[in-house]
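Q: Start from the sequences and build out the full structure, keeping to the hints where you can.
2 protein chains.
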Amino acid sequence: MSGPIPVLRTLPQMRELTGQWRRAGESFGLVPTMGALHAGHLELVRQVKARCRHVVVSIFVNPTQFAPHEDFDRYPRDEAGDLAKLASVGCDAVWSPDREVMYPAGFATRVVPAGAAEGLETDFRPHFFGGVATVCCKLFTQVGPDIAAFGEKDFQQLAVVRQMVRDLDLPLQILGVPTVREADGLAMSSRNAYLSAAQRAQATAMYRSITALAAAARAGADLASAEAAAGKALRDAGFDKVDYVAVRDATTLKPPAAGTTEGLRVLAAAWLGKTRLIDNIPV
Amino acid sequence: MSGPIPVLRTLPQMRELTGQWRRAGESFGLVPTMGALHAGHLELVRQVKARCRHVVVSIFVNPTQFAPHEDFDRYPRDEAGDLAKLASVGCDAVWSPDREVMYPAGFATRVVPAGAAEGLETDFRPHFFGGVATVCCKLFTQVGPDIAAFGEKDFQQLAVVRQMVRDLDLPLQILGVPTVREADGLAMSSRNAYLSAAQRAQATAMYRSITALAAAARAGADLASAEAAAGKALRDAGFDKVDYVAVRDATTLKPPAAGTTEGLRVLAAAWLGKTRLIDNIPV
Chain A
0 MSGPIPVLRT
10 LPQMRELTGQ
20 WRRAGESFGL
30 VPTMGALHAG
40 HLELVRQVKA
50 RCRHVVVSIF
60 VNPTQFAPHE
70 DFDRYPRDEA
80 GDLAKLASVG
90 CDAVWSPDRE
100 VMYPAGFATR
110 VVPAGAAEGL
120 ETDFRPHFFG
130 GVATVCCKLF
140 TQVGPDIAAF
150 GEKDFQQLAV
160 VRQMVRDLDL
170 PLQILGVPTV
180 READGLAMSS
190 RNAYLSAAQR
200 AQATAMYRSI
210 TALAAAARAG
220 ADLASAEAAA
230 GKALRDAGFD
240 KVDYVAVRDA
250 TTLKPPAAGT
260 TEGLRVLAAA
270 WLGKTRLIDN
280 IPV
Chain B
0 MSGPIPVLRT
10 LPQMRELTGQ
20 WRRAGESFGL
30 VPTMGALHAG
40 HLELVRQVKA
50 RCRHVVVSIF
60 VNPTQFAPHE
70 DFDRYPRDEA
80 GDLAKLASVG
90 CDAVWSPDRE
100 VMYPAGFATR
110 VVPAGAAEGL
120 ETDFRPHFFG
130 GVATVCCKLF
140 TQVGPDIAAF
150 GEKDFQQLAV
160 VRQMVRDLDL
170 PLQILGVPTV
180 READGLAMSS
190 RNAYLSAAQR
200 AQATAMYRSI
210 TALAAAARAG
220 ADLASAEAAA
230 GKALRDAGFD
240 KVDYVAVRDA
250 TTLKPPAAGT
260 TEGLRVLAAA
270 WLGKTRLIDN
280 IPV
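For the record, the sequence lines run as chains A and B. Using numbering that gives the first Met the number 0, read the first sequence as starting at 0 and increasing by one per residue. Using numbering that gives the first Met the number 0, read the second sequence as starting at 0 and increasing by one per residue.
Note that these hints are calculated values from the structure, not bench results. Mixed in with the good hints there might be a few duds.
It does not matter which identical chain is used: a pair holds within one copy or between any two.
Stated by the list, open to error - Taking lysine to any residue and the SDA-like style, the derived pairs with C-alpha atoms no more than 25 Å apart in a straight line are:
no.: 1; residue 1: K253; residue 2: A104
no.: 2; residue 1: K48; residue 2: G18
no.: 3; residue 1: K273; residue 2: G258
no.: 4; residue 1: K84; residue 2: A104
no.: 5; residue 1: K253; residue 2: R275
no.: 6; residue 1: K253; residue 2: Y102
no.: 7; residue 1: K48; residue 2: R22
no.: 8; residue 1: K253; residue 2: P103
no.: 9; residue 1: K253; residue 2: E99
A: See below:
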């Protein structure tokens, strides 16, 4: 690639490009994002580029996955900065539809997930995975990639997208990519930009807390007690509210049977002021 | 074509065939059916064959669009008869997945339509269009056709499918094909097989009633009175229950503004004994 990355804003433009690749027999992958790109997103692009000839990154801050009281309006947006970062990792095109392209007047159909979507995030953000599943289904049918990559940072989202792709027979492969972390363990997230310096220091307790809980689960500790201790550790470190810190089956995201110590995942969501952080690790 | 029509029952088989066509640059279309094929279905195949190099007919009696009290178990099934009919109109392959292929254990995602799905059929079969939208989405992603054809006989279903395809950006064109009728006007339907000889004679009142209502609407009659008269005509002719006889906007399926005489459609659903018949015509 030379020159600026093409930014496509209409479906005919997008399909013209992918149609050229398809007719030439060239593979291509998709990295769906809401922009405000960080090193975790760039790793997704690299992982897709290692598997496909071309990579499309979508940038769309999806209103339907935010509740009215959530941070849609203040969610960070920086297209120029995002394009500069994407140029450094070989992104071939950016798919950035306007809201009216994604949800034109009269739009009415919803993709409603279940299974992996039940519990955890859904207990606190009941609208969330419906918005995610619908927009991801549309991104996949708009772009038509061979592979789409998602970070494990949003572990339940990854499970929901996998389930939707399987259930709806969408002809692509979903690639989960391990979370990229700061040097002190904090998972990279666009929402980290909301943190004050003091909150940024407190935020490191999230990774410490789930690491300790994973060790306890591996050792066969009583899960309810260990989860309670992990939640207390977060509050003691300055988190204002803990939505959940839980050990779950890594595939179904259901609570594991008593005595299970393998195939588990620790997941957490908690608040520092107005900022909600999530993280997870394997047991 | 020579030899019997291939009947494919697994997704890898289906995608192997369509992948060959796609790589060769050959177009193909899909006619989704529940089997028990009649002249209306064969017309759909002919219309697709006139536009595409190949035609796939799917045969799947979709359990999720029947309520527990409806006729899923007694719905007519005749694969051998269907294949013989399809051979006569140039069908290239039949996609006939088992229930476990369509809905494997753990299946959980639903496609939920709105807009055109509201009212009419939904008032009487609230489960129906959710089942139709989900299975049609899956058939489209399984087969990946350029065109899919549906009869206007199920006019609201056609509108729901069009809306879903538009909303989810599914990369295919939906072709609506005018209803094929018996000599006396009765719309062809697999469910006509349920009718006794006496009911079959009474059934012709459906077409007469909606034709009269369309003429009244065209003439600017008061719609509420004309609809009531059409319903009375059905009951007088022996129909046991009238779900609806209504004049609607042909695109949105909403009740038209007073005084509208163009862009309308007459739709009806009514019962002869245990058999529910539907029909519709343009105004």
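Q: Does each hint fit the structure? Answer for all of them.
A: Hints, verified against the model:
In the homo-oligomer, the alpha carbons of K253 and A104 lie at most 25 Å apart only across protomers (16 Å), although the nearest pairing inside one protomer, at 38 Å, exceeds that limit. In the homo-oligomer, the alpha carbons of K48 and G18 lie at most 25 Å apart both inside one protomer (19 Å) and across protomers (24 Å), since each shortest distance falls under that limit. Taking the shortest alpha-carbon separations for K273 and G258, neither the intra-copy value of 37 Å nor the inter-copy value of 54 Å comes in at or below 25 Å. Neither within a single protomer nor between protomers do K84 and A104 lie at most 25 Å apart by alpha-carbon distance, with minima of 33 Å and 42 Å respectively.
In the homo-oligomer, the alpha carbons of K253 and R275 lie at most 25 Å apart inside one protomer (22 Å), although the nearest pairing across protomers, at 43 Å, exceeds that limit. Taking identical chains as interchangeable, the C-alpha atoms of K253 and Y102 lie at most 25 Å apart only when they sit on different chains, with a minimum of 21 Å there against 33 Å within one chain. In this homomeric assembly, K48 and R22 come within 25 Å of each other (Cα to Cα) both inside a single copy, at 19 Å, and across copies, at 23 Å. With identical chains, the CA atoms of K253 and P103 are at most 25 Å apart between copies only, with a shortest distance of 19 Å across copies and 37 Å within one.
Only between protomers do K253 and E99 lie at most 25 Å apart by alpha-carbon distance; the minimum there is 23 Å, versus 37 Å within a single protomer.
Checked against the numbered hints given earlier, the structure breaks hints 3 and 4 and satisfies all the rest.
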